[in-house]
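Participant: Please take these sequences and the hints and turn them into a complete structure.
Chains as they are written, first to last, in our numbering: chain A, 1 to 407; chain B, 1001 to 1438; chain C, 2001 to 2258; chain D, 3001 to 3258; chain E, 4001 to 4317.
It is worth saying that the hints were derived from the structure and are not from the lab. The reader is advised that the hints may include incorrect statements.
Stated by the list, open to error - Beta-carbon label-pair distances, calculated as ranges:
no.: 1; chain 1: A; residue 1: Val48; chain 2: E; residue 2: Pro4194; range: 32 to 38 Å
no.: 2; chain 1: B; residue 1: Ala1270; chain 2: E; residue 2: Gly4296; range: 32 to 38 Å
no.: 3; chain 1: E; residue 1: Pro4194; chain 2: A; residue 2: Glu259; range: 45 to 51 Å
no.: 4; chain 1: B; residue 1: Val1274; chain 2: A; residue 2: Thr167; range: 50 to 56 Å
no.: 5; chain 1: A; residue 1: Val48; chain 2: E; residue 2: Phe4084; range: 52 to 58 Å
no.: 6; chain 1: D; residue 1: Glu3246; chain 2: B; residue 2: Glu1434; range: 40 to 46 Å
All values derive from a computational prediction rather than experimental measurement. For each residue, glycine too, the CB sits at the ideal point set by N, CA and C.
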Amino acid sequence: MTIAAEPPRRAFRPSQLINDSRYRGLTIQVVALLLLAGLIAYLGHNLVVNLRALGKDFDFGFLGNRAGYDIGQTLISYTNNDTHARAALVGMLNTLLVAALGCVTATVIGVLAGVLRLSKNWLIGRLMTVYVELFRNVPLLLWIVLVHAVLSNATPIPAEFRGEGATASMVFGVIAFTAQGTFIPWPVWGEGAELLTVVLLLSILAALVWRSYARRRQMATGRPLPVLWVALAILVLPTVLAFLLLGRPVTFDVPTMRETGIARFNGGVNILNSLVALWFALALYTGAFIAEIVRGGILAVSRGQSEAAFALGLRPGRTMRLVILPQALRVIVPPLISQYLNLTKNTSLAVAVGYADLRATLGGVTMNQTGRELESILLLGLFYLVVSLVISGAMNVYNRRIALKER
Amino acid sequence: MSEIHAETVAFARDTMMPPAPPPRRETGAVRWMRENLFSGPLNIILTILAAWLLWLALRDLLPWAWRGIWQAGSASECRAIRDQLYGEGVPAACWAVVRARWRQLLFGFYPADGLWRPLLALGLFLVAVLPVLFSGAPRRLLWLSAAAPFVIVWLLWGGSLWGPVAAALGFVVGWAIWAAVARRGNAGLALLLGLGAALAWWFLLARPVAAGLASVAPLALVPVESRAFGGFTLSLVIGLAGICLSLPLGVLLALARRSELFFISKVAVAYIEVIRGVPLIVWLLVAQVVLNYFLPRGTNFDILLRVIIMVTLFSSAYIAEVIRGGLAALPSGQYEAADALGLGYWQATRLIVLPQALKISIPGIVNSFIGLFKDTTLVSIISLFDPMRISSTIRATTEWGGIYWELYVFVALVFFAFCFAMSRYSIWLERRLERSHR
Amino acid sequence: MTDAALAPPPPVSGEVAVQITGMNKWYGQFHVLRDIDLTVTKGERIVICGPSGSGKSTLIRCINRLEEHQSGQIVVDGTELTSNLKNVDKVRSEVGMVFQHFNLFPHLTVLENCTLAPIWVRKVPKREAEETAMHFLHKVRIPEQAHKYPGQLSGGQQQRVAIARSLCMRPKIMLFDEPTSALDPEMIKEVLDTMIELARDGMTMLCVTHEMGFAQAVANRVIFMDQGQIVEQNTPREFFNNPRSERSKLFLSQILGH
Amino acid sequence: MTDAALAPPPPVSGEVAVQITGMNKWYGQFHVLRDIDLTVTKGERIVICGPSGSGKSTLIRCINRLEEHQSGQIVVDGTELTSNLKNVDKVRSEVGMVFQHFNLFPHLTVLENCTLAPIWVRKVPKREAEETAMHFLHKVRIPEQAHKYPGQLSGGQQQRVAIARSLCMRPKIMLFDEPTSALDPEMIKEVLDTMIELARDGMTMLCVTHEMGFAQAVANRVIFMDQGQIVEQNTPREFFNNPRSERSKLFLSQILGH
Amino acid sequence: ATLDDVKARGTLNCGVNPGLTGFAAPDASGTWQGFDVDLCRAIAAAALGDPAKVNYIPLSGETRFTALAAGEVDVLARNSTWTFSRDTDLKLDFPAVNYYDGQGFLAPRALGVASAKELDGATVCIQTGTTTELNLADFFRVNNITYEPVPIANDAEGRQQYLAGACDVYTTDASGLASVRATFETPDDHVILPEIISKEPLGPAVRHGDTEWADIVRWTFYALVTAEELGITAANVAEMAAAPTENPEINRLLGTEDEYGTMAGLDQQWAVRVVQAGGNYGEIFERNLGESTSIGLARGLNALWTQGGLMYAPPFR
Ligand SMILES: Nc1ncnc2c1ncn2[C@@H]1O[C@H](COP(=O)(O)OP(=O)(O)OP(=O)(O)O)[C@@H](O)[C@H]1O
Ligand SMILES: Nc1ncnc2c1ncn2[C@@H]1O[C@H](COP(=O)(O)OP(=O)(O)OP(=O)(O)O)[C@@H](O)[C@H]1O
Ligand SMILES: [Mg+2]
Ligand SMILES: [Mg+2]
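Facilitator: Next comes the structure, spelled out in structure tokens:
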């Protein structure tokens, strides 16, 4: 093929912008771009005009001002003298906390319910079906409110823990479930605690090493070594020993009912009911969806797979771990992660129980007190967007890694 | 050795054995119980656990609901009746609140003598979607489907009949001009002219025409303001409007996302990801709080309309993903056949691709609707009177001050009935699609 | 070709229907079609065969620009295929194509399948389009199925509908891409019969197929492709009885043997 | 047996591999297997045939307790199959099974498919398991595919991997459930060849199949089932040439006719 | 200007609380009622001539000021506290104070506290997005005692949580506490603690910068107060406006003397309609919040200055 054989290039004509497949795409995109730019310019212009008319500006300086309000549940230290930025950070951490707790619990509930729904036990199967349908078909907001109300109604008030005629008692003597939250012991780091931490980390490492050693040994000799018990021992024994040798460097601050004044627990940490309610409502609601995903995933692995494994002499437990799960996970994980995404976004319903998430701090009190709607909502939206993009990015990477090889 | 073996080998049966019933322990209720409830130690534990859980859940709930008091004028009256019937402090539901306020829970503050209007609108909607949801329905109903949105708007908001008629005529005018020009050839020009004609009609002619018609034949319903909408009517209006309006937008987004044009597909992806990455509640805040900043100074329209717009934009991103799935499910041969016949992009899309892709997408669309319908409870947070807020309002009155669970149970039951029915339908449809799939 | 004397018999008319010169096509780095030169005159019936992956489908899909070629020239019925969309539209409405998997539109009845393109592309009134459609459905001998949906028909019937659908656009050239290879054996014959009839009517046809009986019955010319090149072309008789290249010998032994 | 001399070579030993006595099985109210009596000696090659739904699959699936029987006795290699899990494990690790749809593990490579059970059930070191696997992959003639995934292989190759996978457990008995019926014709032969070779090596085999050529070539005995009963058993030659029951005559006329 | 917008539109957009019995709440038929609602009606009567021409726009605590700033409502009549920062930073104007409130605490009798100073370590239910949480923080800091806030979404949830024991005390404006306590099964088991920890001057709010409109709102309210002071009621206003009376201030107010209405951009009869809409300030108070209602609030600080209260209208002169 020589260049000479090429038809002579004709001069460019404007009609080619529409008629020529090489240029038409370009034309359409340029037009679309112009329209979009026009729309954005129009909205931006309106924004500027409106802000000017209201005498407002666009400025994030308010984040540095004193917040002035208190937050019940904080992961980092916070007082009402801190700035709005710190309040927002507290809210952000609270959002992430409840999202993380919710995802873990929802997974546990969902996997259990999904597996149990497939169980041959009629009663269990029906019960799980009722659970799934009930939670999927009623709005989450309603569940959050209901769980919150049930929680505070079903638990005793702190006063009932007090004195001779106490009608309520602490679980194991250290945990108190009350209408005002759950009080749990909290570790206090004393002298030598760093060393203990090092020991703990080392024994975790050692347990992992043991696991991989056992694996390699088995591959090499065929004989399996006990993993679970040995690993547990490695994990627990040195830490306990170090704990005793170092003279109990970590003590637990156990909640105790105070003697005078209003009945309340001192010490320990209080997990507010709003957090628990939100956490469980989210977990139960999302768990119902996850149950369906898990069930679908297991059903998607054909019966032939487990039969083949049985025929090879594999026990049901091994079959599950080596054959069914790896395949089911490929089906389960992508929709599972999008459920995590939903759960994370749904944490914004915290407003129904007054949990101090990011929407309640930055998008609630701060926005209301400073009158910085645009800035607050922009930051709020960006936060959720970034979280979503991170999660879905991770999902895409995973999906690409697990794709089954086909012809 | 082999001799003996050969003896045992050769064999022919001359009379067939009749089937025998299975041994006793393999049949009947005993077997059912053994297999389904007590087939192993784990199963026995599970059964007992389940029964215990069930008992825990129902022990308090059932008597409470069963003892319910239906006739009372206020919460305190309820308590008095309860004390009289069952004794002091015995838990008993006060269903009287539902009896007294069900109308508000279902219809909000819609005028009491006009309740037939939302009901008729809902009925009309159901008939209108019949041809879409059930392929067996007569095709002629499609005309009704086309007219339904206008009639429904008229029924719900009232006012002169001619307003919606004039709006509908805009579509007719646009379509007529588009069809006339498209016949002659140029599709792009036809689209432009059709659009132009419709816009011209809406902005210049519709109002005077409607006014003129109204003066000739004043057909009108009592106008009802958006503020009067509440309860499940509000949820349905927002949910259904959101889904129906987001459908065209979702289709365009899905097509854009699959487009080969780099910029167009990237814009669609960005839009979809941004919308889906941020919770609806934040978008509702945007609708309530910041949307006005982006509109010309002084524009101020109905919060309900703003919510519908926001919900439409929101659900269009989800619908787009559903439809993208439908598009992806179409075999590429369909596109090739359309190309080979000389159909243009829009012709192929409209005549070949969308009818098939939409049909595949219906279960997904119904599921989106269920999600959206449940999410309408979020508008209570921006002070619209959805069922949740109506319940709060009722509880804030002096009569029904102490009532809590009854209202929520009622609201939950109604939501459950709606959503469960729809999810069954979508499952049924999915099965049917699976079966009919080539 | 080096030896012009051994070329196939002259076509029935001298007018050129398709003219391909020095055409090349790549998929990414992969050179699918190499320096293809091919002239098809009006009324010619050409069968294209060759091993799987040799580029047969790609070649005929280039002729109505379902695939774009990267160099060389394709002129169909006097119109050159370039990126000019007008030309592409013109060619497509004059070239009919039948696919291996029928590609009927499952949501339309048989009749609607056949009238769709005439109505929307040729702007023929509906009544007239339906008459034409019924005419061609008669021709492929399934007029009684006009109001059924494709899903209700057998494979052979579907493929005949696909042929009728193409004919309704009154194409000057018909392309077939393995029209019978997705069919059960008992249905192959009915489709081949339809195609033979079409050939009798003088339609210009390019057909990718391994049905050697068909090739011998109707083709003017058989083209054998391998690795993206036209390796041999000849009359069917010569080609089957006396293949010249090694590759065609091997190929023939494989498909005739099994 | 009237004519022992004409029978295929006598089984290599008289030891009993599988002994089934008076076995019955029901699915709910439906009596699938009725009073089955069957003795298989070591080295025997048995082909089971019969119309669809006659219980062939169920019978061989009972032998490694993929299905439970409700009455009667099944003794495999001296171990009776009861609800005792130890016995079941023992039997399963000595009986290999090949399924109609291969049932390879799609998430593992061919080699991993073959080493999975030896490593986890037989506790063989990995290196050794891999050597064995490669040995058997050589035997089924696809050692070069060892590192591919099942999805990347053709049906015939997949079935040969499935056979190799079973062999890696060094089973004493092999069960085949219609191993070739999901394959394209050109692939059936390669799988049958593998099975014939296996038979030559003296493996005890029970094979549900309708491949009569295979039955005649390797089987000692053909068992014909209908309605859950063994209706006839005989040497292949006798069975095919001279079926004695009406049902087997009918059956043979059907499958040989088509 | 806002007045022109309102007139052009023909209705007044009035932002109200979405449900606070006594101040603003829709009743069973959806009609809005309450103390704040009556102010809306009075303003509509003044500006538009018809007290029914009001569009009630329920606004939550968190979005009310934004809605006002964005022009969604013309006036915010939603128990909002007049504070320095709201007046300056949020660019609002509070033309008048229509209710002097203060934040208090509601506690179960069983808690055994007699004073808010004994609340050390208490768990406190508060509604978010209000000045309440800021006052609370200040009060406990000043008294050097600790507390744990339990934010709640709305009043109805607050009651439920309080009754379930999720918080030891419930805090909000004293007026709200009274109405909450009124709906309890056993109101006597709960006490409102004596301390009022904050000043809560509640009043209508308008946008900064439109003084004419602020004047109309301000003087509409003062017309109500003045009417009470002068003994003008819904029942007798028509009679008194029919002809000039002995008292020149009544005459100026009711437009039978001088041209005060036109000075404000209204007509002469405006104040007559304002009083006709729902009576004078005292009547409005009694009907919605007073001791005859289930809320049962005493006038207290909201009595006229002549009766020892703070309600003091500048002279109509
Ligand atoms: N879209 C594509 N992208 C990349 N490579 C392609 C594409 N389509 C086809 N090919 C490759 O181009 C080569 C020719 O394909 P083509 O379909 O033309 O072969 P064919 O001769 O029709 O084969 P068959 O008889 O199997 O249909 C093949 O190797 C194929 O893998
Ligand atoms: N799990 C089951 N539950 C109920 N009935 C079953 C089940 N599995 C098989 N059957 C029935 O048992 C009978 C025997 O089945 P089986 O699969 O053994 O037949 P087959 O001889 O292998 O037939 P084919 O040649 O079609 O594979 C059939 O009628 C089948 O419908
Ligand atoms: Mg091809
Ligand atoms: Mg079978």
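Participant: Now, for every hint given, state plainly whether the structure supports it.
Facilitator: Verification of the supplied hints:
Val48(A) and Pro4194(E) have their C-beta atoms about 52 Å apart, which leaves the hinted 32 to 38 Å range violated. One distance hint, 32 to 38 Å for the beta-carbon pair Ala1270(B) and Gly4296(E), is violated here, with the actual separation near 58 Å. Between Pro4194(E) and Glu259(A) the beta carbons are some 26 Å apart, a value that contradicts the proposed interval 45 to 51 Å. For the hinted restraint 50 to 56 Å between Val1274(B) and Thr167(A), the CB-CB distance of approximately 53 Å keeps it satisfied.
For the hinted restraint 52 to 58 Å between Val48(A) and Phe4084(E), the CB-CB distance of approximately 29 Å leaves it violated. Evaluation of the 40 to 46 Å hint for Glu3246(D) and Glu1434(B) yields a pass: the beta carbon distance comes to about 42 Å.
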